[in-house]
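**Student:** Based on the hints, put chain B in the right spot on chain A.
Quick mapping for you: the protein sequence lines, in order, are chains A and B. Here UniProt numbering is used: position 323 in the first sequence is 323, and no number is missing along the way. Here UniProt numbering is used: position 273 in the second sequence is 273, and no number is missing along the way.
Among the hints, erroneous ones may be present.
From chain A, some residues computed to sit far from chain B (all C-beta separations above 10 Å) [unchecked claim]:
| no. | residue |
| --- | --- |
| 1 | Phe13 |
| 2 | Val18 |
| 3 | Asp23 |
| 4 | Lys109 |
| 5 | Glu124 |
| 6 | Gln138 |
| 7 | Leu164 |
| 8 | Met198 |
| 9 | Asp202 |
| 10 | Ile242 |
| 11 | Asp269 |
| 12 | Pro295 |
| 13 | Ser343 |
| 14 | Arg345 |
| 15 | Leu364 |
Calculated pairs, DSS-like style, for lysine-lysine (alpha carbon to alpha carbon, straight line, at most 30 Å) [as the list claims (entries may be wrong)]:
| no. | chain 1 | residue 1 | chain 2 | residue 2 |
| --- | --- | --- | --- | --- |
| 16 | B | Lys235 | A | Lys132 |
| 17 | A | Lys107 | B | Lys235 |
| 18 | A | Lys238 | A | Lys257 |
| 19 | A | Lys119 | A | Lys107 |
| 20 | A | Lys132 | A | Lys107 |
| 21 | B | Lys312 | A | Lys132 |
| 22 | A | Lys130 | B | Lys312 |
| 23 | A | Lys130 | A | Lys113 |
| 24 | B | Lys312 | B | Lys235 |
| 25 | B | Lys235 | A | Lys130 |
| 26 | A | Lys113 | A | Lys132 |
| 27 | A | Lys7 | A | Lys20 |
| 28 | A | Lys119 | A | Lys132 |
| 29 | A | Lys358 | A | Lys238 |
| 30 | A | Lys20 | A | Lys238 |
To be clear, the hints were calculated from the coordinates, so they are not data collected in a lab. Being a predicted model, the structure only gives us computed values, none of them experimental. In this text, a Cβ means the ideal position worked out from N, Cα and C, and glycines have one as well.
In case you want the letters, here they are:
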Amino acid sequence: MATLELKQITKSFDDTHVIKGVDLEVNDREFVVFVGPSGCGKSTLMRMIAGLESATSGDILIDGQRMNEVGPADRGLAMVFQSYALYPHMTVEDNMGFSMRLAGVSKDKRREKVLEAAKILQLEPLLDRKPKALSGGQRQRVAIGRAIVRNPSIFLFDEPLSNLDAALRVQMRIELARLHEELDATMIYVTHDQIEAMTMADKIVVLQGGEVEQVGSPMGLYHHPRNRFVAGFIGSPKMNFIAVEQVSSDAEGVTIKLPGGETRQVPIDGSGHAGGGALELGVRPEHLVLDEQGPMEGRIQVLERLGGQTSLYVQMGDSLLTIMADGDVAYRVNDSVRFGFSSDRAHLFDAEGLSLPKLHRHPLAGLRRQDNRAPSDTVGQ
Amino acid sequence: MSAGRVTPAGSFPATFMVTDMNKTRTSGRTIGGLRTLSLQAPAVTLLFLWMIVPLAMTVWFSLQRYNLLMPGMTGFAGLENYEYLFTDPALWSAMGTTLLMVGWVLVITVVGGTLLAVLFQQDFMGRGIARVLAISPFFVMPTVSALVWKNMMMHPANGVLSWVAESLGLPAVDWFSSLPLTSVIIIVAWQWLPFALLILLTAMQSLDEDQVEAARMDGAGPIAIFFFITLPHLKRAISVVIMIEMIFLLTIFAEIFVTTSGGPGLATTNLAYLIYIRALLDFDVGMASAGGVVAIILANIVAIFLVRMVAKNLES
Numbered sequence: 001m002a003t004l005e006l007k008q009i010t011k012s013f014d015d016t017h018v019i020k021g022v023d024l025e026v027n028d029r030e031f032v033v034f035v036g037p038s039g040c041g042k043s044t045l046m047r048m049i050a051g052l053e054s055a056t057s058g059d060i061l062i063d064g065q066r067m068n069e070v071g072p073a074d075r076g077l078a079m080v081f082q083s084y085a086l087y088p089h090m091t092v093e094d095n096m097g098f099s100m101r102l103a104g105v106s107k108d109k110r111r112e113k114v115l116e117a118a119k120i121l122q123l124e125p126l127l128d129r130k131p132k133a134l135s136g137g138q139r140q141r142v143a144i145g146r147a148i149v150r151n152p153s154i155f156l157f158d159e160p161l162s163n164l165d166a167a168l169r170v171q172m173r174i175e176l177a178r179l180h181e182e183l184d185a186t187m188i189y190v191t192h193d194q195i196e197a198m199t200m201a202d203k204i205v206v207l208q209g210g211e212v213e214q215v216g217s218p219m220g221l222y223h224h225p226r227n228r229f230v231a232g233f234i235g236s237p238k239m240n241f242i243a244v245e246q247v248s249s250d251a252e253g254v255t256i257k258l259p260g261g262e263t264r265q266v267p268i269d270g271s272g273h274a275g276g277g278a279l280e281l282g283v284r285p286e287h288l289v290l291d292e293q294g295p296m297e298g299r300i301q302v303l304e305r306l307g308g309q310t311s312l313y314v315q316m317g318d319s320l321l322t323i324m325a326d327g328d329v330a331y332r333v334n335d336s337v338r339f340g341f342s343s344d345r346a347h348l349f350d351a352e353g354l355s356l357p358k359l360h361r362h363p364l365a366g367l368r369r370q371d372n373r374a375p376s377d378t379v380g381q
Numbered sequence: 001m002s003a004g005r006v007t008p009a010g011s012f013p014a015t016f017m018v019t020d021m022n023k024t025r026t027s028g029r030t031i032g033g034l035r036t037l038s039l040q041a042p043a044v045t046l047l048f049l050w051m052i053v054p055l056a057m058t059v060w061f062s063l064q065r066y067n068l069l070m071p072g073m074t075g076f077a078g079l080e081n082y083e084y085l086f087t088d089p090a091l092w093s094a095m096g097t098t099l100l101m102v103g104w105v106l107v108i109t110v111v112g113g114t115l116l117a118v119l120f121q122q123d124f125m126g127r128g129i130a131r132v133l134a135i136s137p138f139f140v141m142p143t144v145s146a147l148v149w150k151n152m153m154m155h156p157a158n159g160v161l162s163w164v165a166e167s168l169g170l171p172a173v174d175w176f177s178s179l180p181l182t183s184v185i186i187i188v189a190w191q192w193l194p195f196a197l198l199i200l201l202t203a204m205q206s207l208d209e210d211q212v213e214a215a216r217m218d219g220a221g222p223i224a225i226f227f228f229i230t231l232p233h234l235k236r237a238i239s240v241v242i243m244i245e246m247i248f249l250l251t252i253f254a255e256i257f258v259t260t261s262g263g264p265g266l267a268t269t270n271l272a273y274l275i276y277i278r279a280l281l282d283f284d285v286g287m288a289s290a291g292g293v294v295a296i297i298l299a300n301i302v303a304i305f306l307v308r309m310v311a312k313n314l315e316s
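Here chain A stands alone, though its shape is the one from the complex (with noise of 0.2 Å):
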């Protein structure tokens, strides 16, 4: 039961501004993810909720209680740590119980909750062992089971995932996400990883440079990006950028000719961008088509077959593009493919990165992660 905001949040180091004015509501039992490059800020914003440094200006409210000047351990958060950050000369147990050791709370009643948060994370056989016997996920899980423990009103993750190999940052992926319905709890997540932020959050906060950049649902950021940075920087391969120039535009959208010399109608509304000026298109890898008739052209560079999939890395004129084709395709290196896109797929970006709007609305933009469920009353009938 808690939500948070952040009202125009500044951090200063000296004369380096890190945060540079930062706007955001959290609703209560939301999944939160703060994504962007190394360096954009989001762990300094993170550590700035936690308390563990103080916001240069502005506001924080936890429930609408303005939180500045109150200490880590007295906002009802919980963090956990890239490193874990477990105590080591501790067992399971005590790592667990150290916030209610400091309190003052009762061995029995300790040992009580302790045991509470463990059959949640299916620690109970790893109890009394110390954190240097444990494996890299059973850590994960203990530092999990150390803010659960806590009760907290709002969880905070650090890039708790980034330590872990590839296996088990799936497995604790969905771990997480099955411990966010189990407990009800609003959770702050940061990553540098998008797989993270698409596949866990409700919403996702991408940041660079101190600023937001978008807020929204996975789905509405990888359909309706913002900017051209939002564009590239959700979709895994990255989104392909063409140099377009915009011919003509009406009700029905744009008309755009390619690098071929073709043209091609995209539903976006070009109403507010002065005609005939150059345009980006932005079409992700998995939306070009690989097509006899197609108005592109280029020649393969690369080949990568993952087996159900294959990536070409096409070289077209000066840029290299991403398709990302099927298992089977038969091209080797140093063919020449012709392509198109899915055109109710692409974007299309102004002089100054900024995508203009499209015309119709993707149904499943608004789609949040607890929509993907059937409503639990209805399940079985």
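**Tutor:** Just chain B now, kept in the frame of chain A:
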């Protein structure tokens, strides 16, 4: 080349035997094969002689009638020297003094060193300079620092401490005659505190900052962080400090020689100084050697306990 091959070839059967032994040993310790042993031998032999010759001579002298003031009295004495030594109250007094000195200096340096390490870990203006200043007493020669303390700090007439006492209206203290052991302990602790600080400060820097922050999130204040996070983290470094200091503190000599000469009476005579008195003031080499053997045994007992403790600590 052919000459170099002779030795290994000659030791082949033996090597095989040793290898077989290695396989069957389950204790986890392996002994080097003969081939490597022959290469280690010169260094090992040298070190062994380095250790065994003085030790054997000390033991031998301790069994002799050997007093430079009585050149006529020589010959095998049996355990006579030891008998005199152990019935001499000076030995027990010296042992007590040794323990008191080592114990108190350890307490002062470890407790003070830990607190100073915490202090110097904080960020403040001029921290680098302050650290160097705090560590510098360690680089002063023991004789020099003892002289400085004797003549400039603790001197009853000219000393800084008596000036402070006087300006506060208190009577000046004649440190070396009224509090001799305390004075020596203060001087030695002043010298060794920087050592403890240096080791503990280095250990302190390896403390994971995330742990401290996690503890802060868990509601730990500065004092709780010190006892629950910092101190357990420093445990290993503290045991190293204790071990190294103890080895050196058992043999304090220069500070005593320069300041009190073991006095008044035997008040500041430790084992090392007692051996010096017997050998070079009484010229009783036999008796001094017996004292030396006792000191070796004592140091070894301490060392065995300490090495075990530290080794256990380093493992965990």
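**Student:** Next step is simple, just say for each hint if it's right about the structure.
**Tutor:** Structure-based check of each hint:
At roughly 13 Å from the closest C-beta of chain B, the C-beta of Phe13 of chain A stays outside 10 Å, upholding its exclusion from the interface. For Val18 of chain A, the shortest C-beta to C-beta distance to chain B comes to about 18 Å, beyond the 10 Å cut-off, and the non-interface label holds. Against the 10 Å criterion, Asp23 of chain A stays outside the reach of chain B, whose nearest CB is about 25 Å from its own CB. Once the 10 Å rule is applied to beta carbons, Lys109 of chain A is consistent with being away from chain B; the minimum gap is 16 Å.
Remark: the non-interface label on Glu124 of chain A is consistent with the geometry, its nearest Cβ contact in chain B lying 22 Å away (cut-off 10 Å). With a least CB separation of 17 Å from chain B, Gln138 of chain A remains clear of the 10 Å interface cut-off, as annotated. No beta-carbon of chain B is positioned within 10 Å of the beta-carbon of Leu164 of chain A; the least distance is around 16 Å. Its beta-carbon lying about 27 Å from the closest one in chain B, Met198 of chain A satisfies the requirement of being farther than 10 Å from that chain.
Every CB of chain B is more than 10 Å from the CB of Asp202 of chain A (nearest about 24 Å), matching its label as outside the interface. The beta carbon of Ile242 of chain A is kept farther than 10 Å from every beta carbon of chain B, the shortest such distance being approximately 44 Å. Non-interface call for Asp269 of chain A relative to chain B: holds, since the shortest CB-CB distance, roughly 47 Å, exceeds 10 Å. Look at Pro295 of chain A: its CB is around 53 Å from the nearest CB on chain B, clear of 10 Å, so calling it non-interface holds up.
Look at Ser343 of chain A: its CB is around 49 Å from the nearest CB on chain B, clear of 10 Å, so calling it non-interface holds up. Against the 10 Å criterion, Arg345 of chain A stays outside the reach of chain B, whose nearest CB is about 43 Å from its own CB. A cut-off of 10 Å between C-beta atoms confirms that Leu364 of chain A is not in contact with chain B; the least separation is 37 Å. Our distance criterion of 30 Å between C-alpha atoms is met by Lys235 of chain B and Lys132 of chain A, whose separation comes to about 17 Å.
Only pairs whose Cα atoms come within 30 Å are accepted, and Lys107 of chain A paired with Lys235 of chain B is accepted, the gap being roughly 25 Å. Between the alpha carbons of Lys238 of chain A and Lys257 of chain A the distance comes to roughly 23 Å, so the proposed pair stays at or under 30 Å and holds. This hinted pair checks out: Lys119 of chain A and Lys107 of chain A have alpha carbons roughly 18 Å apart, not beyond 30 Å. Distance check on the hinted pair: Lys132 of chain A and Lys107 of chain A sit about 24 Å apart at the alpha-carbon level, within 30 Å; holds.
In summary, the hint linking Lys312 of chain B to Lys132 of chain A is supported, as the alpha carbons are separated by about 16 Å, within the 30 Å threshold. For the suggested pair Lys130 of chain A and Lys312 of chain B, the alpha carbons sit about 16 Å apart, so the restraint of at most 30 Å is met. A C-alpha spacing of about 19 Å is found between Lys130 of chain A and Lys113 of chain A, which places the hinted pair at or below 30 Å, so the restraint holds. At most 30 Å may separate the alpha-carbon atoms for a hinted pair to count; Lys312 of chain B and Lys235 of chain B meet this at roughly 12 Å.
For the suggested pair Lys235 of chain B and Lys130 of chain A, the alpha carbons sit about 16 Å apart, so the restraint of at most 30 Å is met. Between Lys113 of chain A and Lys132 of chain A, the direct Cα distance comes to roughly 23 Å. Compliance with the 30 Å bound is thereby established for this hinted pair. Only pairs whose Cα atoms come within 30 Å are accepted, and Lys7 of chain A paired with Lys20 of chain A is accepted, the gap being roughly 11 Å. Restraint check for Lys119 of chain A and Lys132 of chain A: satisfied, since their Cα atoms lie roughly 21 Å apart, inside the 30 Å limit.
The straight-line distance between the Cα atoms of Lys358 of chain A and Lys238 of chain A is roughly 20 Å, inside the 30 Å bound, and the hint therefore holds. Only pairs whose Cα atoms come within 30 Å are accepted, and Lys20 of chain A paired with Lys238 of chain A is accepted, the gap being roughly 27 Å.
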